[in-house]
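S.K.: In order, the protein sequence lines correspond to chains A and B. In this text, residue positions in the first sequence follow this note's numbering: the first is 1, and each later residue adds one. In this text, residue positions in the second sequence follow this note's numbering: the first is 1, and each later residue adds one.
Quick caveat, the hints were computed from the structure, so don't treat them as lab data. For every residue, glycine included, the Cβ atom is placed at its ideal position computed from N, Cα and C. Incorrect hints may have been included.
[To be verified] Straight line, CA to CA, 20 Å or less: simulated SDA-like cross-link-like pairs of lysine to any residue:
(1) A:Lys115 <-> A:Ile29
(2) B:Lys5 <-> B:Thr51
(3) A:Lys107 <-> B:Asn117
(4) B:Lys5 <-> A:Ile71
(5) B:Lys113 <-> B:Gln141
(6) B:Lys73 <-> A:Ile71
(7) A:Lys98 <-> B:Lys5
(8) A:Lys115 <-> A:Ser92
(9) A:Lys16 <-> B:Gln39
(10) A:Lys26 <-> B:Gln39
(11) B:Lys137 <-> B:Cys69
[To be verified] Sample of chain A residues with no beta-carbon within 12 Å of chain B, all distances over it, derived:
(12) Pro9
(13) Ser14
(14) Glu28
(15) Leu30
(16) Ser32
(17) Tyr34
(18) Glu35
(19) Asp36
(20) Arg37
(21) Thr47
(22) Lys56
(23) Met60
(24) Ser93
(25) Ser103
(26) Thr111
(27) Lys115
[Unchecked claim] If you anchor each label on the Cβ, the simulated ranges turn out as follows:
(28) A:Asp108 <-> B:Lys5: 44 to 52 Å
(29) A:Ser97 <-> B:Ala133: 29 to 37 Å
(30) A:Gly24 <-> B:Asn128: 28 to 36 Å
(31) B:Asn127 <-> A:Pro21: 18 to 26 Å
(32) A:Thr111 <-> B:Pro60: 36 to 44 Å
(33) A:Thr65 <-> B:Thr149: 24 to 32 Å
(34) A:Arg75 <-> B:Met88: 20 to 28 Å
Residues per chain, in single letters:
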Amino acid sequence: MSLGATFLPPFPVSHKHLSLPIKGNKTEILISSYEDRFLVIATQIGTMGTILHARKEEGMPINPTFNVSVIFGKRDEQMLEACARQLIEHMSSSGSSKPLVLSLGLKDHSTETLKAIVSAVIDNRLW
Amino acid sequence: MDSKKLEEEIKDFRLREEAASTSQSRREDHGAEHDAELQITCFSEVLNDVTFHFQIIRFPKQIYVWIGCNSAKFGHMYAAAPTRPNNMVSATSILGGSSDNTGSGIARRLVLKTGLNIILACSIPKNNPMLEADAEKLLIQKLISLGYTKSRREGKSL
């Protein structure tokens, strides 16, 4: 199906959407792959919550270091930064250098919840 | 439980199809009446020889929009929300620096139209108000057709 006579390329951004319960809370996870970033959204509260940005530092092919920062929302929740850090490291070791925008709107910031989110995202990764 | 699994598998299959489709595609998440319900709409349109790509994700109390202009670059991110006490809209750039605020105007006007918090990622090149206006027009048309905009009779209580 095409719109009129114009040929449209396939939609360039692929995404995955899943829903799973974590500690009894329904969690929606969305992973989206853009040309120069990955976006991961995990929400239990109906909004995007706190948004973090994680990237690999340039110029260090072996033992890369990563920079994680909160760009919107709670800035004193280390568990959220840890979650972003885990994901960016996994992305990097899978060969992708794209930065990550991670959005977490969670009801609790326990280790259990964040581990579950990290493993759900990794299981459904687009990298 | 079984039907839910089946639903998930069908959704997964549809997702793969979607990534390969060449025209408007729309997904609705018919999850429970829970708070966390997402509606994802992805579509592309060509206007004046420019291909715009839109990704709209509707959360219960927020909307995330990505606008791509001939590319799939993520672009700059803006957050905008209505603020008390008199329904003024505040917008800020959250990723990409503030020297280029292509998109912050769009974010602002989306808040006015929808009454919800908006997160906008937009890769429209700067210094090109025509592109901005075109993108915004297409986006607003779509939001109206999806029913995300405020109607006159319902105000958004803040």
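S.K.: Hey, does A:Lys56 actually stay past 12 Å from chain B on C-beta?
M.R.: holds (16 Å)
S.K.: Given the hint of 36 to 44 Å, is the C-beta distance from A:Thr111 to B:Pro60 inside that range or not?
M.R.: Once the Cβ atoms are compared, 27 Å apart, the range 36 to 44 Å for B:Pro60 and A:Thr111 is violated.
S.K.: Between B:Lys73 and A:Ile71, does the CA-CA distance stay at or below 20 Å?
M.R.: holds (19 Å)
S.K.: Does the no-contact call for A:Ser14 survive, Cβ to all of chain B over 12 Å?
M.R.: violated (4 Å)
S.K.: Check the non-interface label on A:Ser32: least C-beta distance to chain B beyond 12 Å or not.
M.R.: violated (7 Å)
S.K.: In this structure, is the beta-carbon distance linking B:Asn127 and A:Pro21 contained in 18 to 26 Å?
M.R.: violated (48 Å)
S.K.: Since A:Tyr34 was said not to touch the interface, does its Cβ keep a gap of more than 12 Å from each Cβ of chain B?
M.R.: violated (4 Å)
S.K.: Determine whether the non-interface label on A:Arg37 survives the test: each CB of chain B must be over 12 Å from its CB.
M.R.: Non-interface label on A:Arg37 violated, nearest chain B Cβ at 4 Å vs cutoff 12 Å.
S.K.: May I ask you to check that A:Thr111 keeps its beta-carbon over 12 Å from the closest beta-carbon of chain B?
M.R.: holds (21 Å)
S.K.: For A:Asp108 and B:Lys5, compare the CB-CB distance with the range 44 to 52 Å and indicate the outcome.
M.R.: At 26 Å between Cβs, range violated.
S.K.: Check the non-interface label on A:Lys115: least C-beta distance to chain B beyond 12 Å or not.
M.R.: With a cut-off of 12 Å, A:Lys115 remains clear of chain B, as the shortest Cβ separation is near 19 Å.
S.K.: Evaluate the condition: distance from the CB of A:Ser93 to the nearest CB of chain B exceeds 12 Å.
M.R.: holds (22 Å)
Of the numbered hints listed earlier, those contradicted by the structure are 2, 4, 7, 12, 13, 14, 15, 16, 17, 18, 19, 20, 21, 25, 28, 30, 31, 32 and 33.
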